[in-house]
Amino acid sequence: MSDKRIRIALAGNANVGKSVIFNNLTGLHQHIGNWPGKTVEIAEGRLKFGDYLIDVIDLPGIYSFSSFSSEEEITRDYILKNRPDVVINVLDASTLERNLYLTLQLIEMETPLVIALNQIDLARSKGIDIDTDRLSEILGVPVIPTIAIKGEGFSELLEKAIYVYEKGLKPQKKIEYRTELEDAIDKICRRIGINNKEERYKGYPIRWLAIKVLEGTEPKDVKIEGLDDIIKHLKDSIKEKDLFSYIATERYLVA
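So the sequence shown is numbered by the numbering used here: it starts at 10 and just counts up by one.
Among the hints, erroneous ones may be present.
Unchecked claim - Computed beta-carbon distance windows for the label pairs: (1) Val231 to Gly36: 35 to 41 Å; (2) Asp60 to Leu131: 33 to 39 Å; (3) Glu185 to Asp245: 40 to 46 Å.
Quick caveat, the hints were computed from the structure, so don't treat them as lab data. The C-beta atom is built at its ideal place from N, Cα and C for all residues, glycine as well.
Could you build all of it, start to finish, from the sequences and the hints given here?
This is the structure we're talking about:
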């Protein structure tokens, strides 16, 4: 009987232990190359876990999906277009709030997600006590504490990733913003999603795409006409011309 296969992508900020997790999981069974047409490196590896053959992709370390850098664009497109079976978002437990900004954006992408709360030992040494069950409840995704340099928590992390894959789970919580922003998101969703009956537009999750349109960072292959009135109404109601900064501030408030 052949092994079942699953594809897992590792995403997170730089210097959170993401590549340490990748190296410990895949060992010598890995390949380093470049993304097509880019100078950004791609690391791919493989491991056997239970009756699964797992392909692991170590995505570039980024802090957000602003699409202003090749690393951000590559990570965004890989998750949304290649659609890995599960994304493991690696966080540094000792600087949790700073890491959660990217997590919120991954949740907005509606991708199957598991959190690896890494360097939990460092956080504890700093007197930081994190209730992982409560954090999981707030975010609507599984949270597994890990210590990458010691290989601790890896089995549970992979077991949870496989569980999310087998159950077809997506983040259980929607990130709620203030009323004016939510109204604008909803109006755009209705226009491009035909009253939200369609879940995706050109392969992109509709709510995520609505937020990107408001930010002015929608993918290059998406051109949606007839939204100027919604955007103008939001700017007028919040008395703010720079919606990118406004939405970024909203995310930081949530994080």
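Checked hints:
1. Val231 to Gly36: 35 to 41 Å: Holds, at about 40 Å.
2. Asp60 to Leu131: 33 to 39 Å: 34 Å, holds
3. Glu185 to Asp245: 40 to 46 Å: About 22 Å separates the Cβ atoms of Glu185 and Asp245, which means 40 to 46 Å is violated.
Violated hint: 3 only; the structure is consistent with all others.
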